[in-house]
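Student: As given, the protein sequences belong to chains Z and A, one line each in that order.
Everything in the first sequence is counted per the working numbering, starting at 692 for the first residue and increasing by one.
Everything in the second sequence is counted per the working numbering, starting at 10 for the first residue and increasing by one.
Simulated from the structure, these hints should not be mistaken for lab results.
We put the beta carbon where it would ideally sit given N, CA and C, even for glycine.
Some clues are possibly wrong.
To be clear about the criterion: a stretch of chain A counts as covered by chain Z if any three or more of its residues have a C-beta under 8 angstroms from a C-beta of chain Z, and this derived list gives those stretches [to be verified]:
(1) 113-123
(2) 219-231
(3) 374-382
(4) 418-430
(5) 500-514
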Amino acid sequence: MTHFLNRRHFLSSSLGCLGSLAMASFTQPSRAQENDEYQALVLLFQFGGVDCHDVVIPYGVGEYNEYANIRSELMSAYGSDRARSSLLQLASSGASAGFALPPELSGIKALFDEGTAALVGNVGPLVEPTNRDSFSAGGVALPPRLFSHNDQQSLWQSSSPEGASVGWGGLFSDLLIGQGISTLSDFSALTTARDRLFVTGYETAPYTASAGGLNLDLNDIVNSQADGNLAAVYQMLRAQGESAAHILTRDFAGATVSAFDANIEYSSILGGAPDLGVAFQADPVGTQLERVAKIIASRQEFGVNRQIFLVGAYGYDTHSAQPTSLPNLHSRLDAGVSAFSESMKNMGIFNRVTLATASDFGRTLADNGDGTDHGWGGHQFVVGGAVNGGSLYGDIPPPSFEHGQDAGRGRLIPTIAVDQYAASLGRWLGLDESSLAQALPNLDNFSSNPLANLLL
Amino acid sequence: MQGATVVAAVRILVLLIALGFSNISSAQGAGNTFIDLLRVVKDVRGEFFDDNFGDPETDALPFASEASTSRFLAQATFGATRSDVSALVGTSVSDWLLQQFSEDPSDYLATLDSYQAQLPFLILNPWNRSATTFAFWQHSIAGKDQLRQRMVYALSQILVISNGGGNALTEYPEAVAYHQSLLTEFGFGNYRELLEAITYSPGMGYFLTYMGNQKGDPDTGRQPDENYAREILQLFTMGLVALNDDGTAASGSNDDNGSAELYDNDDITGLAKVFTGLDRSVNAAQGQNDPEAPEVLRSWREPMAVYPARHSASAKTFLGLTIPENTSAEDSITLALDRLMSVASVGPFLSRQLIQRFTTSNPSAGYISRVTQVFNNGRYSLPNGTVVGGGLRGDLKATIAAILLDRENLQPEAPNTFGKLREPVLRFTQWARAFNAGAITPEYTVELYDLSSVSIYGQGLAQHPFRAPSVFNFYRPGYVPPGTDSGAAGMTVPELQILTTETIPAYMNFITFFAMANTQYADLSTYREIGGLTGVNFDPELARTSFLPDYSYEKTLADDLPELFAHLNLLLAGGAMSQAAVDSFSDVVAGVPAEAGEDDWRATRVGLAVALVMTSADYLVAY
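Isolated chain Z (complex conformation) (with noise of 0.2 angstroms):
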């Protein structure tokens, strides 16, 4: 059955989490009491829903040729980029052999190769395995509003349609400090994106990180020319934030307050943080990890021993001219993901931070002339020092039609559920079964566990 989450399910299970815990510690060193050093989760989401088919790219010549055919407008326009000559295969030998990645993926190619960099094939949300009998025949439930961005989106980052309020990511901070293994603070929680639902947990708000912090002009303007200043503006504020009669006053108030109160210790954490050592590109999603960087390198100041952040990277849905775009996304997310990975191994973290992929949804195998349409699953990556990488997880269907994954055109049904992807991701941060199953609800639909391995 499908479960969509509900505040009163959750609070009330909480609670029973808690006495297991308390039992729990006497017992056997949970993992919470071995792992109370920092760890961060960076869900890098690439909105509009990037194209799998260009990410893995069948190898063997039988199958490239294949695919090269039922691509064959997108390929000439491609020009030598996607020749075969072209491609990074990614193993010579094992469940990887079969596949490439497009040249401007060469940096996660390095890391796939030094095995910190790990491909989890075919994901997407589920509610029960499924596959393309079922999904014609109508047998199983299946996710609301398939094909649809905000939707998908949704259902991605809250197992929930749009109208959703919270995240697995927020969750899981609320759930590391019902564990005990966290605290609650501004900055449990981080995006740099414009979106911040993953980042929402019942507890834990979200904290949008900019550039740099913000002053506030009227401070100075008040500094300077007045003798009074705006600490009664603020309290008044707050006053209003608790009190007013208008709900939305209450709302922005509080908001304004909270914000206020964040903004400043952020600026002057930041004000004081290293440098990194490492060049990022100055594109949106080069200064967006640069930013999570700099965010982790005061991981002391800020005081939280787990974070969880979301990254936007976004122009995705390329129902036309991908040839033209995507190899610059791809080119884009590389560079960001190289220097973010360097970084965290200059500041001797890198084994304490992941970061994982996600998108809305992958794309057809068959395209419109010059781009590609809507899809469902896709393949992710996992990057990290933790990771047991250079290898696939899970399976990569054929490039053809009428498989046993296939909703038509070639989008791929998924054979791995985001609830199995972002359960080893929680697992790896220290949640417990209880926990995890608590947020993420269509969990124990599903009786196999690919990623068992994925992570140390």
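For this one, chain Z is given, so just place chain A on it according to the hints.
Tutor: Chain A in isolation, oriented as in the chain Z frame:
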């Protein structure tokens, strides 16, 4: 007859006269009694009667007091001015609406022409790329057709295209200018006609990637691009799930939410075939030789042409309709749009969002239902008895009147949950209008060039008109804000979606900059540089008078703080400011010492007072 029946009878007579309904006796063989007339008219016109018909009380309500006038103007224009408030108090809202309906529409294409006339080159010219933004500020702040432009701005958040992406829409402002002109032309017209004009427009064709869309090819497996088919259903007409007329989800069991989904992927694939074969009269390849050739530019500001060879000749099936094989593109589009508009959910889907753009973020079922009725009937009777609207479903003139004059707006039953956070763009236009900002010359104010994000000056609005981050606009109509009281109450509050730890101070800095008249300190070297980049020889000093407020009236009140704040409260906040806020702001402003024989302290006090008011919770929540 009883008094109520006499009133009813009089209303009918007025109605009949207003409608010029001279053929009623032949239509129904009506009897001579008023009861018979009632029955006949009711049969013929359906639920025509509404609460405001011939109601002098309602006619006087919006402009009954200065406070209510200011409040209504904030909803129906881009901001109240002192002269508007004093001129309109005590007058009829029907008169004002009729005046607004008859104002000449602002001309976006002409404004684009005048900007381009001063540019030595167009492609890559920063002022060419910003021309549509500049035009919006001009028309919204200084245009006489205020209500129509409010409708344009509201529609731009439903029928979204965006030109900040650095692509062809950025390089060819003609496309967005044409879109702006269509929203203007049909702003008081019919939504079905607007939708058709938008469908043929190159801006939408480019933005939702069906410009040059080809029919399917069974050999290669190529299928038509589905983008527009999906978004025209999901965003431009009916949404995802079936709605009752009051905006609640119609019961059904299609999906696990218990809602009735209106269409599936097969419908989208079928509908996608309709939007094939459209392209500009000068296509991309032809434009390479001279990107600024007149025919290239013109192709971005006129309807796309049909290329029949590229239009799908197969049957097209969607939403229970099958368009036969070999139907032309034009006929297919007509049939498709008619079918889309016939879906009942279109009424509540669009009505609810339009209400959200004007009066309240979480309208009641009753409010939605009443507006939907007007949208569906295409007619609305103003309180003075005049009927507006052409009588066809989707009449926007009737709909906006219904939204503004609904009893829930004029006398909310639950005032503490009614209303909305003022949109950032509207806060700025309100300031510019309230203080008669001279020289509406956004080209000379670099702080207005990019409002989407936080600029290097630490400012921003989180809203840049006609530059939403995606077709999903700045915020979603169904956004329920987490961690808030309104969210806990299940209210949809779209504007809270862009309220973050980053945008809160960014807005405060933005409005403080303008309130303190800081354009007068513009860095001239910046504008010399802009002159170089644009190739326009202008006097950089013009930056120092751009958007300068005229505080001459307010300055006379600088030593009478209660009066100053009463005035600002009325003009900006519609009288909603709390005494606590006024008191604490007065304390701050009083800290600016008065200096005998000098004027600067007055300007500082006024600027500070305006900034404090316009960053206060009491001002920012409009109810």
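Student: In ascending order, which of the hints set out earlier in this document are inconsistent with the structure?
Tutor: 1, 3
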